[in-house]
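Based on the sequences and whatever the hints tell you, model everything.
Protein chains in written order, with the working numbering: chain A, 1 to 327; chain B, 1 to 54.
Simulated from the structure, these hints should not be mistaken for laboratory data. Among the hints, erroneous ones may be present.
Cβ pair distances, simulated, as ranges [as the list claims (entries may be wrong)]:
#1 A:Val-49 x B:Leu-30: 51 to 57 Å
#2 A:Gly-226 x B:Leu-26: 52 to 58 Å
#3 A:Leu-306 x B:Arg-20: 50 to 56 Å
#4 A:Leu-125 x B:Ile-42: 25 to 31 Å
Residues from chain B that keep clear of chain A, each with C-beta distances beyond 10 Å, as calculated [said to hold, decoys possible]:
#5 Ala-25
#6 Ala-31
#7 Asp-51
#8 Arg-52
#9 Pro-53
By construction, the Cβ of each residue, glycine as well, lies at the ideal position given by its N, Cα and C atoms.
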Amino acid sequence: MAGAAKSRADHEDGVRAMALVERKHVEERDGLLSEATAADFIALLKPRVMSLVVFTAFVGMVLAPAAPNPLLALIAILAIAVGAGAAGALNMWYDADIDAVMARTRGRPVPMGRVAPGEALAFGLVLSAFAVMTLGLMANWLAASLLAFTIFFYVVIYTMWLKRSTPQNIVIGGAAGALPPVIGWAAVTGAVTVESLVLFLIIFLWTPPHFWALALFKAGDYARAGIPMMPNVAGEAHTRRQIFAYAVPVAASGVLPSLMGFASLSYGAVAAVLGGGFVWYAWRVLRMDPQDRVMEPAKTLFAYSLVYLFAIFAALLADGLIGRLGG
Amino acid sequence: MSEHEQERIKPTQAQLKARRSRSIALALALAAFVVIVYLGSIMKLGPALFDRPM
Chain A
1 MAGAAKSRAD HEDGVRAMAL VERKHVEERD GLLSEATAAD FIALLKPRVM SLVVFTAFVG
61 MVLAPAAPNP LLALIAILAI AVGAGAAGAL NMWYDADIDA VMARTRGRPV PMGRVAPGEA
121 LAFGLVLSAF AVMTLGLMAN WLAASLLAFT IFFYVVIYTM WLKRSTPQNI VIGGAAGALP
181 PVIGWAAVTG AVTVESLVLF LIIFLWTPPH FWALALFKAG DYARAGIPMM PNVAGEAHTR
241 RQIFAYAVPV AASGVLPSLM GFASLSYGAV AAVLGGGFVW YAWRVLRMDP QDRVMEPAKT
301 LFAYSLVYLF AIFAALLADG LIGRLGG
Chain B
1 MSEHEQERIK PTQAQLKARR SRSIALALAL AAFVVIVYLG SIMKLGPALF DRPM
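Written out as structure tokens, the structure reads:
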């Protein structure tokens, strides 16, 4: 009896071991036969988010009271961009399950099966390390630490923790997206100042109404994925009020650079008009008919918010360049 | 045909094309990184880069 039991146990162990070998063999084979192109790996970097990061970091550099070597500044921007892209790849690695059920994200390389999750993870980790090291060596270690913190905050605090657990996810998580101008400023000055924190504040306050406008007309998508966005948890009416409540400080933060003296009055006037537009579109969302399923005002606010942030930073950039050229 | 040959997998044209695309991108990225580190070092340290005690 004992001999038979031992024989069966040995057989089961053998089958288990074979299964492991076969699975490993298959996984390795899949890796070798991947159809992922370079374009799929570039898509993992979230190029559109990266472009906004590059732009805001560049504005932070231009506004900073320092004259960096142009080549070192370019390398620093590149490192910040790659760091942001790496955070995007790590986000796509972790979020592949929810990306697969959302219409907006199901075409991403990992849920499509073009890039294996492990490949996205390795890609993100390696790029993160290279980006932080390069920024540290070519700019300074304060900027590199801020970049490392941004990647950690976006991947661990936002993606792994907040996103799936609280409707305040993008309020707190927005800090990651708001840090690039601070990193750009720190890269050329070696310091974090109140002025750079104002640039942080402009993006930080802008993030919740921007994403809540999206969440209003994509509520079904977020609900299917089980993400506790504000409209799914607190309701549409509450979300509309929150959007409007944020729109006012968004507009106020836009004119702060002028009030604090590191941007001109002309910039302040442009920012006031742009901010007025933000409040107006948020007001339209607040007054939106609760029965409205097309949600045109929310879609308009979402589109305007993208234009707003770009225009505010473009105005700051123009103002900074004119100030530099004018001496 | 030997057992070893039977186990070999023949990649499809799409897989070969994808692998080539990845290889080229990786080569370009590595070359760019080398250039960046070289130029960055020259810019950051200047002639002091070669100023080392024997």
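10 Å cut-off, C-beta based - B:Ala-25 kept clear of every residue in chain A:
Per Cβ check, B:Ala-25 is inside 10 Å of chain A; nearest 3 Å; violated.
Go ahead and decide if the range 50 to 56 Å is satisfied by the Cβ distance of A:Leu-306 to B:Arg-20.
Between A:Leu-306 and B:Arg-20, where Cβ atoms are some 36 Å apart, the hint is violated.
Take a quick look at B:Arg-52 and tell me if its Cβ sits farther than 10 Å from every Cβ on chain A, holds or violated.
Label holds. Min Cβ-Cβ 18 Å, cutoff 10 Å.
Regarding A:Val-49 and B:Leu-30, is the given constraint of 51 to 57 Å on their beta-carbon distance met?
Taking Cβ atoms as reference, A:Val-49 and B:Leu-30 lie about 25 Å apart, which means the hint is violated.
Grab the minimum beta-carbon distance between B:Asp-51 and chain A and tell me whether it stays above 10 Å.
The claim holds: B:Asp-51 sits with its nearest Cβ about 18 Å from chain A, beyond 10 Å.
Do the beta carbons of A:Gly-226 and B:Leu-26 sit within 52 to 58 Å of each other?
Given about 36 Å between the Cβ atoms, the range is violated.
No chain A beta carbon within 10 Å of B:Pro-53's:
holds, 22 Å
When you look at the beta carbon of B:Ala-31, is every beta carbon of chain A farther off than 10 Å?
holds, 14 Å
Taking the Cβ atom of A:Leu-125 and the Cβ atom of B:Ile-42, is their distance within the range 25 to 31 Å?
holds, 29 Å
Checked against the numbered hints above, the structure violates hints 1, 2, 3, 5; every other hint is satisfied.
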